[in-house]
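So the mapping is simple: this note's numbering equals the position in the sequence shown, first residue as 1, plus 41.
Keep in mind that a hint or two might mislead.
[Stated by the list, open to error] Have a look at the derived ranges for each label pair, beta carbon to beta carbon:
1. His192 x Asp113: 14 to 22 Å
2. Gly258 x Ala112: 39 to 47 Å
3. Gln214 x Ala112: 39 to 47 Å
4. Ser276 x Glu175: 18 to 26 Å
5. Asp125 x Ser148: 33 to 41 Å
6. Leu257 x Asp113: 39 to 47 Å
7. Asp111 x Ser148: 15 to 23 Å
8. Asp249 x His192: 12 to 20 Å
9. Gly73 x Gly127: 34 to 42 Å
10. Ala117 x Leu281: 30 to 38 Å
11. Ala116 x Ser148: 23 to 31 Å
12. Ser123 x Ala98: 17 to 25 Å
13. Pro94 x Gly127: 24 to 32 Å
Since the hints were derived computationally from the structure, they do not count as laboratory data.
Predicted, not measured: the structure shown is a model, and the values here were computed from it.
Note that CB positions come from ideal geometry on N, CA and C, so glycine has one too.
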Amino acid sequence: MTSGVECERIVCVTGGTSGIGEGLVAAFLEAGDRVYSCGRDADKVDRLIANWPEAVAEGRLVVSRGDIADADFRAAWVDALSLDRGRLDVLVNNAGVILGSGTLEESLDHWRATLEVNLVAPFAMAQACAPLLESSQAPVIVNLSSACARHPFATCTSTSYSVSKAGLDMLTQRLAMALGPRGIRVNGVAPGVVESEMWGGATDLMRDLVERRHLLGRQPVTPADVAAAVLFLASSGARLVTGATLGVDAGYALG
Numbered sequence: 042m043t044s045g046v047e048c049e050r051i052v053c054v055t056g057g058t059s060g061i062g063e064g065l066v067a068a069f070l071e072a073g074d075r076v077y078s079c080g081r082d083a084d085k086v087d088r089l090i091a092n093w094p095e096a097v098a099e100g101r102l103v104v105s106r107g108d109i110a111d112a113d114f115r116a117a118w119v120d121a122l123s124l125d126r127g128r129l130d131v132l133v134n135n136a137g138v139i140l141g142s143g144t145l146e147e148s149l150d151h152w153r154a155t156l157e158v159n160l161v162a163p164f165a166m167a168q169a170c171a172p173l174l175e176s177s178q179a180p181v182i183v184n185l186s187s188a189c190a191r192h193p194f195a196t197c198t199s200t201s202y203s204v205s206k207a208g209l210d211m212l213t214q215r216l217a218m219a220l221g222p223r224g225i226r227v228n229g230v231a232p233g234v235v236e237s238e239m240w241g242g243a244t245d246l247m248r249d250l251v252e253r254r255h256l257l258g259r260q261p262v263t264p265a266d267v268a269a270a271v272l273f274l275a276s277s278g279a280r281l282v283t284g285a286t287l288g289v290d291a292g293y294a295l296g
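My request is simple: use the sequences and hints to build the entire structure.
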């Protein structure tokens, strides 16, 4: 790893154009970092760019349209990252999907697509970005998991989503073991139900059920709450934390 003091971190956030990802992009920009992000939806990409005109003009926010599950897009994106000072300080594997519901009712197509985004892509990004991360003074990977990875909640109706996130938790630990000797910390954050576009279709009954499980009261978990946990894990305050997945769910998983 390099010596000297690096002020502005270079951060990569997958799926940063809505929900938790949008909150992550905002938090890193407000911390003074340079952020690369991506999303599949052209309108959401344009919205993120429009929300941060100064950061875009200054080159502190670079947003690309593309599917993180597409190997060609990933390769081109990582190549673009490598041209920026030849290093990456923080990789946040945030992009995620919920495509189906049920267990035996879910189609194999939904299973494959869910695993590609939620599990295969984070591994592929870690694999591709490891050389860039090694050039950082304090390299970090943070994977966005879910409380659904730890318990088969009835409120989480997609088995493929829960299984993909459970796999991501194990991937976090395995990557921490593999990359620790190279100076790269790897951790996860596991939100409960977050007020975001992914859960925008939730019914009032489901929200009530979720909120009644919150041990810290009925206040919802927000993207800003999740971003605060990610920023902590990416900070020097967590310099000896690796292989951990931090729950940000108001006690939902214990309720």
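We went through each hint and held it up to the structure:
1. The given range of 14 to 22 Å is broken by His192 and Asp113, whose C-beta atoms sit roughly 37 Å from each other.
2. Checked against the given bound of 39 to 47 Å, the beta carbons of Gly258 and Ala112, roughly 44 Å apart, stay inside it.
3. At roughly 25 Å, the beta-carbon separation of Gln214 and Ala112 lies outside the given 39 to 47 Å, and the hint is violated.
4. At roughly 19 Å, the beta-carbon separation of Ser276 and Glu175 lies within the given 18 to 26 Å, and the hint holds.
5. For the hinted restraint 33 to 41 Å between Asp125 and Ser148, the CB-CB distance of approximately 40 Å keeps it satisfied.
6. Remark: the range hint 39 to 47 Å for Leu257 to Asp113 is upheld by a beta-carbon distance near 44 Å.
7. Taking 15 to 23 Å as the suggested C-beta distance range, the pair Asp111 and Ser148 conforms, at roughly 20 Å.
8. About 19 Å separates the C-beta atoms of Asp249 and His192, a value consistent with the hinted range of 12 to 20 Å.
9. Taken as a hint, the range 34 to 42 Å is violated for the pair Gly73 and Gly127, whose Cβ atoms sit roughly 20 Å apart.
10. Distance hint for Ala117 and Leu281: a CB-CB separation of about 35 Å, consistent with the stated range 30 to 38 Å.
11. The beta-carbon spacing between Ala116 and Ser148, approximately 28 Å, falls within the hinted interval of 23 to 31 Å.
12. Distance hint for Ser123 and Ala98: a CB-CB separation of about 23 Å, consistent with the stated range 17 to 25 Å.
13. Take Pro94 and Gly127: their Cβ atoms lie about 28 Å apart, and the range 24 to 32 Å holds.
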